[in-house]
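Visitor: Residue-level listing of the chains:
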Amino acid sequence: MDKSEELQQFLELEKQKAMVSEMVGKLTNVCWDKCITGTPGSKLSSGESSCLTNCAQRYMDMSIIIMKRFQSMQ
Amino acid sequence: MDSFSSPSSLSSGSSESSGRSAEAMMDQLKAQLAQAYAEEFLETVRSKCFAKCITKPGTSLSGSESSCVSRCVERYIEATGIVGRALFSSPR
Numbered sequence: 000m001d002k003s004e005e006l007q008q009f010l011e012l013e014k015q016k017a018m019v020s021e022m023v024g025k026l027t028n029v030c031w032d033k034c035i036t037g038t039p040g041s042k043l044s045s046g047e048s049s050c051l052t053n054c055a056q057r058y059m060d061m062s063i064i065i066m067k068r069f070q071s072m073q
Numbered sequence: 000m001d002s003f004s005s006p007s008s009l010s011s012g013s014s015e016s017s018g019r020s021a022e023a024m025m026d027q028l029k030a031q032l033a034q035a036y037a038e039e040f041l042e043t044v045r046s047k048c049f050a051k052c053i054t055k056p057g058t059s060l061s062g063s064e065s066s067c068v069s070r071c072v073e074r075y076i077e078a079t080g081i082v083g084r085a086l087f088s089s090p091r
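Chains S and B, in that order, are what the protein sequence lines are.
Position one of the first sequence corresponds to residue 0 (numbering that gives the first Met the number 0), numbered consecutively onward.
Position one of the second sequence corresponds to residue 0 (numbering that gives the first Met the number 0), numbered consecutively onward.
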């Protein structure tokens with residue numbers, strides 16, 4: 000593998016990693032507002048934890064529906 | 000032909016140095032990405048915790064406001080971990 004191939008692979012991998020952390024950041028931002036309604040305590044309640052998990056997963060489900068819907072309209 | 004002008008010594012020299020500079024560039028890019036991520040994360044935490052904890056700004060931060068902010072930072076980091084694991088532990 001020559002240098003330019005190695006660089007391309009590196010850039011592609013870093014791009015993927017950046018996209019993943021952007022998604023996590025955005026979801027945490029949105030789900031925090033939906034799930035942590037009161038003043039932050041000394042730990043997250045089980046209700047808050049499961050709300051965060053559900054929020055992230057439902058967002059991904061919604062994303063799939065939107066994509067399928069959009070594709071069926073093409 | 001002396002060793003300074005032979006093609007093989009020239010090409011091995013330049014590929015070695017371009018190898019080192021490519022690696023240095025990759026390291027620098029990773030460091031910059033990590034820094035940009037950290038800055039964005041901090042900005043989000045500042046915004047969230049100010050909204051939650053400093054409801055009526057006074058002439059200084061009260062003790063309860065300060066401890067609220069500390070807890071808020073810890074909870075937000077915890078929330079980030081939960082969201083990250085939720086995305087990658089149960090594929091649908």
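The reader is advised that the hints may include incorrect statements.
Distance condition first, Cα-Cα at most 16 angstroms in a straight line; then the derived EDC-like pairs of lysine to aspartate or glutamate [stated by the list, open to error]:
1. Lys29/B - Asp1/S
2. Lys29/B - Asp60/S
3. Lys51/B - Glu64/B
4. Lys25/S - Asp26/B
5. Lys16/S - Asp26/B
6. Lys42/S - Glu73/B
7. Lys51/B - Glu73/B
To be clear, the hints were calculated from the coordinates, so they are not data collected in a lab.
Visitor: Which of the numbered hints are not met once you compare them with the structure shown?
Guide: Violated hints: 1, 2 and 4; rest satisfied.
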